[in-house]
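Engineer: Protein chains in written order, with the working numbering: chain A, 1 to 124; chain B, 1 to 538.
Heads up, a few of these hints could be off.
Stated by the list, open to error - Listed next, the in silico SDA-like pairs over lysine to any residue satisfying Cα-Cα at most 20 Å (straight line): (1) B:K453 - B:A387; (2) B:K453 - B:F384; (3) A:K3 - A:T57; (4) A:K18 - B:G342; (5) B:K453 - B:K353; (6) B:K353 - A:K117; (7) A:K91 - B:K427; (8) A:K117 - B:M335; (9) B:K311 - A:F54; (10) A:K18 - B:E399; (11) A:K18 - A:V79; (12) A:K18 - B:T324; (13) A:K18 - B:S334; (14) A:K91 - B:F384; (15) A:K115 - B:E399; (16) A:K115 - B:S334; (17) B:K353 - A:D100; (18) A:K91 - B:I317; (19) A:K91 - B:E399; (20) A:K115 - B:E338; (21) B:K353 - A:Q110; (22) A:K91 - B:E313; (23) A:K115 - B:E428; (24) B:K305 - A:D100; (25) B:K427 - A:D100; (26) B:K311 - A:E86; (27) A:K91 - B:G385.
Treat the hints as calculated values from the structure; they're not laboratory data.
Residues per chain, in single letters:
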Amino acid sequence: MPKILIIEDEIEMAQMYKDKFTEQGYEMILAFTSEEGLEKAKKENPDLIILDIFLPTENGISFLGKLRKEPELKDIPVVALSNYDEPRTRKEAQELRVLDYLIKTDYTPQALLEKTKKYLSKKD
Amino acid sequence: MDFATSSLNLGLAAITSFLILGLGIVVFLKNKHAWINRSFGVFSLGATIWISSAYLSDLPWLLTFSLYLNRMIFAGLSLMIAGLCHFCFVFPTENKHLRFFQNIVYSIGIVLIFLSLFTPLVIKGITSTDWGTDLITGPFYPLFISFSFTCILGVVKIFREYKKVTGVQKSQLQYLFLGLFLFTLINIFIHMIVPTIRGTREFYQIGNYSILFLIGATAYAIAAHRLFDIRIILSEIFVVLIGLILFVQILTSETIWAKVLNAGVFVSFCIFGYFLIRATIREIKMRKEVQKMANDLEKTYRELKKLDEAKTEFISIASHQLRTPLTIVKGYISMLMEGSYGELPDKANKPLKNVFDSNERLIRLVNDLLTVSKVETGRIEVEFGMASIEEIISSLVDEFELRAKEKGIYIRWEKPKTPLPKLIIDKEKIGQAILNILDNATHYTGKGGITVKTKALKSKIQIIISDTGEGMTRKEAEKLFTSFSRGSAGVRLWAEGAGLGLYIARRFVDFHKGKIWAESPGKGRGSTFYIELPMKLK
Numbered sequence: 001m002p003k004i005l006i007i008e009d010e011i012e013m014a015q016m017y018k019d020k021f022t023e024q025g026y027e028m029i030l031a032f033t034s035e036e037g038l039e040k041a042k043k044e045n046p047d048l049i050i051l052d053i054f055l056p057t058e059n060g061i062s063f064l065g066k067l068r069k070e071p072e073l074k075d076i077p078v079v080a081l082s083n084y085d086e087p088r089t090r091k092e093a094q095e096l097r098v099l100d101y102l103i104k105t106d107y108t109p110q111a112l113l114e115k116t117k118k119y120l121s122k123k124d
Numbered sequence: 001m002d003f004a005t006s007s008l009n010l011g012l013a014a015i016t017s018f019l020i021l022g023l024g025i026v027v028f029l030k031n032k033h034a035w036i037n038r039s040f041g042v043f044s045l046g047a048t049i050w051i052s053s054a055y056l057s058d059l060p061w062l063l064t065f066s067l068y069l070n071r072m073i074f075a076g077l078s079l080m081i082a083g084l085c086h087f088c089f090v091f092p093t094e095n096k097h098l099r100f101f102q103n104i105v106y107s108i109g110i111v112l113i114f115l116s117l118f119t120p121l122v123i124k125g126i127t128s129t130d131w132g133t134d135l136i137t138g139p140f141y142p143l144f145i146s147f148s149f150t151c152i153l154g155v156v157k158i159f160r161e162y163k164k165v166t167g168v169q170k171s172q173l174q175y176l177f178l179g180l181f182l183f184t185l186i187n188i189f190i191h192m193i194v195p196t197i198r199g200t201r202e203f204y205q206i207g208n209y210s211i212l213f214l215i216g217a218t219a220y221a222i223a224a225h226r227l228f229d230i231r232i233i234l235s236e237i238f239v240v241l242i243g244l245i246l247f248v249q250i251l252t253s254e255t256i257w258a259k260v261l262n263a264g265v266f267v268s269f270c271i272f273g274y275f276l277i278r279a280t281i282r283e284i285k286m287r288k289e290v291q292k293m294a295n296d297l298e299k300t301y302r303e304l305k306k307l308d309e310a311k312t313e314f315i316s317i318a319s320h321q322l323r324t325p326l327t328i329v330k331g332y333i334s335m336l337m338e339g340s341y342g343e344l345p346d347k348a349n350k351p352l353k354n355v356f357d358s359n360e361r362l363i364r365l366v367n368d369l370l371t372v373s374k375v376e377t378g379r380i381e382v383e384f385g386m387a388s389i390e391e392i393i394s395s396l397v398d399e400f401e402l403r404a405k406e407k408g409i410y411i412r413w414e415k416p417k418t419p420l421p422k423l424i425i426d427k428e429k430i431g432q433a434i435l436n437i438l439d440n441a442t443h444y445t446g447k448g449g450i451t452v453k454t455k456a457l458k459s460k461i462q463i464i465i466s467d468t469g470e471g472m473t474r475k476e477a478e479k480l481f482t483s484f485s486r487g488s489a490g491v492r493l494w495a496e497g498a499g500l501g502l503y504i505a506r507r508f509v510d511f512h513k514g515k516i517w518a519e520s521p522g523k524g525r526g527s528t529f530y531i532e533l534p535m536k537l538k
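Required output: the full structure, derived from the provided sequences and hints.
Structural biologist: Here it is, written out as structure tokens:
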């Protein structure tokens, strides 16, 4: 069962994605801050991380930077999922090897799920 | 010494002492608490003691006190050197690291004052000469000479500071350097060159009086609120000096004709000098005004840039905040419609679809606002690559088929018989431009349909989108691609949108150095939209 870690500070949104993905048989782990995300990534070793950029205290770019420095975590694929569409932030995320930078309003949970299946199949 | 010379000496000594002491008092009283003013006061006091003692020590009727007066000279000089050093350490700004050194300088200065006044260790004795008294130096005289070189440290400090400061402080230091330069130059001449040529130090007093240049320039630098540009002062000094020389030449001319000629030269030079100084003042004033304007412009530009960045940041953040609830609504409504939360009654489907569609409209509006903001602030990224116009159009037409069907209109894509060459374009931007036109056409067409064609011209490709919709007047067609323009038909037919879609289409076509326009036979007779792109082949 693929394990997905979602780092998203909006609880309703995180729950919404969890409901859809769980329905389709994925194991979902939720984190609401960057620090919590890093802890859970170390503990759970997910197959994919879906990462929001606008997070409290420390943003998603900072999380990515730390993730890529951890030897056991640096190769976990990450997809940025954010409503913050700023070229500089996109570039920073791409430099930190995100698979994609998606805008949330472009995707229903189902559409995001379809995308996730493609990312996971590429990984395999 | 004759009466004229001794009178001249008295006059110079009195004036110099009076001026130096007066300046010292004025500057000290201006701000008693500032170290700059205090150290300058000490410097002036020391210089006054030196100058007046030097004059008095050469007077025949004070021969009995000559030794003490000569020792007073060195006490005055020690005080002056200590004050000058301190002044350099604190002017125009204090260097706190030099405080310890400053205290050492004062300590040595006090010791030398004591040794000079009360012991024969600095000045052992005096000898009489034709021109006055000469000194017999004591064993500590070299210490005094070494002490006088501490001034060099002060000069080095202000010289280093000169490179860093700007504006008024720079002007102040320029005056200080001018005074130092003149004082040093005159003393080198009087104490080194003249004794070498004449073998005597009889003119040493002139060297002493030149301290007035240093003190005068320094006092001006400290006390004046608005300093004249030093170039003006130098021009004036130059003109006055040359004028004086020419005037002396008139007086020393031997024949009447020589006098007349020299007078003519003098008058001409005075006129020339006046215009030179006036031109210098004007030029400096103009340069300062230009510099001020440039500085103001620079400041305004920086403020505008900050505002612009703040605005862009605000719009990015505002869009993010607006999009968050829209994402949640979109997500949950879609999941409800998909049955993720159980089966819903049939009659719930249409209302849910309406909510979903309205939410999508809002999302598009926010997206358009963000795009316009990025375009107008130059923050849009254009990524050129090889792309097929036909593929872009095919994909979009497929997307619009469902909407067209729901509206009861057709959408046709008339593919060219000969495939079009691939172009170097930003696929996403051109796709967005075509999508916005199709979106516009769909909304303004109530019956009939939309046809999409392409046409290859000599060095261009045209994308032609025709509809059987409401049409427009020529005036409306001209204004169509400006922001917030919908044409009068839009008021009735299309309540959504802020008229941004076509404006964005135009800006994206502009990035490709293309053209976009619309034509219509008139109201109720449909419209044709054209996008023309230059054929940039690999």
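Engineer: Look at each hint and say if it fits the structure.
Structural biologist: Going through the hints against the structure:
Between K453 (chain B) and A387 (chain B) the CA atoms are separated by roughly 17 Å; this keeps the pair inside 20 Å, and the hint holds. As the CA atoms of K453 (chain B) and F384 (chain B) are separated by approximately 23 Å, the hinted pair breaks the 20 Å bound. For a cut-off of 20 Å, the pair hint linking K3 (chain A) to T57 (chain A) is broken: about 26 Å separates their Cα positions. Between the alpha carbons of K18 (chain A) and G342 (chain B) the distance comes to roughly 16 Å, so the proposed pair stays at or under 20 Å and holds.
The suggested pairing of K453 (chain B) with K353 (chain B) is violated, with an alpha-carbon distance near 32 Å, which exceeds 20 Å. A distance of roughly 26 Å separates the Cα atoms of K353 (chain B) and K117 (chain A); the hinted pair therefore is violated under the 20 Å criterion. At most 20 Å may separate the alpha-carbon atoms for a hinted pair to count; K91 (chain A) and K427 (chain B) meet this at roughly 19 Å. Of the pairs offered as hints, the one joining K117 (chain A) and M335 (chain B) holds, with about 18 Å between alpha carbons and a cut-off of 20 Å not exceeded.
A threshold of 20 Å between alpha carbons decides the hint, and for K311 (chain B) with F54 (chain A) the separation of about 18 Å falls inside it, so the pair holds. With a C-alpha separation of about 29 Å, the suggested pair K18 (chain A) and E399 (chain B) falls outside the 20 Å cut-off, and the hint is violated. Between K18 (chain A) and V79 (chain A), the direct Cα distance comes to roughly 16 Å. Compliance with the 20 Å bound is thereby established for this hinted pair. A C-alpha spacing of about 17 Å is found between K18 (chain A) and T324 (chain B), which places the hinted pair at or below 20 Å, so the restraint holds.
Under the criterion of a C-alpha separation no larger than 20 Å, the hint pairing K18 (chain A) with S334 (chain B) is consistent with the structure, at around 14 Å. Taking the CA atoms of K91 (chain A) and F384 (chain B), the gap is near 17 Å; set against the 20 Å cutoff, the hint holds. Taking the CA atoms of K115 (chain A) and E399 (chain B), the gap is near 19 Å; set against the 20 Å cutoff, the hint holds. Restraint check: the Cα-Cα separation between K115 (chain A) and S334 (chain B) comes to about 16 Å, which is no more than 20 Å; the hinted pair holds.
A distance of roughly 29 Å separates the Cα atoms of K353 (chain B) and D100 (chain A); the hinted pair therefore is violated under the 20 Å criterion. For the given pair, K91 (chain A) sits about 17 Å from I317 (chain B) by alpha-carbon distance, which is consistent with the 20 Å threshold. Our distance criterion of 20 Å between C-alpha atoms is broken by K91 (chain A) and E399 (chain B), whose separation comes to about 29 Å. With a CA separation close to 17 Å, the supplied pair K115 (chain A) and E338 (chain B) stays within the 20 Å bound.
Between the alpha carbons of K353 (chain B) and Q110 (chain A) the distance comes to roughly 16 Å, so the proposed pair stays at or under 20 Å and holds. A threshold of 20 Å between alpha carbons decides the hint, and for K91 (chain A) with E313 (chain B) the separation of about 16 Å falls inside it, so the pair holds. At roughly 19 Å between alpha-carbon atoms, K115 (chain A) and E428 (chain B) fall within 20 Å of each other, so this suggested pair holds. At most 20 Å may separate the alpha-carbon atoms for a hinted pair to count; K305 (chain B) and D100 (chain A) exceed this at roughly 31 Å.
Taking the CA atoms of K427 (chain B) and D100 (chain A), the gap is near 18 Å; set against the 20 Å cutoff, the hint holds. Between K311 (chain B) and E86 (chain A) the alpha-carbon distance is near 13 Å, which keeps this suggested pair within the 20 Å criterion. A hinted pair counts as satisfied when its Cα atoms are at most 20 Å apart, and K91 (chain A) with G385 (chain B) qualifies at roughly 18 Å.
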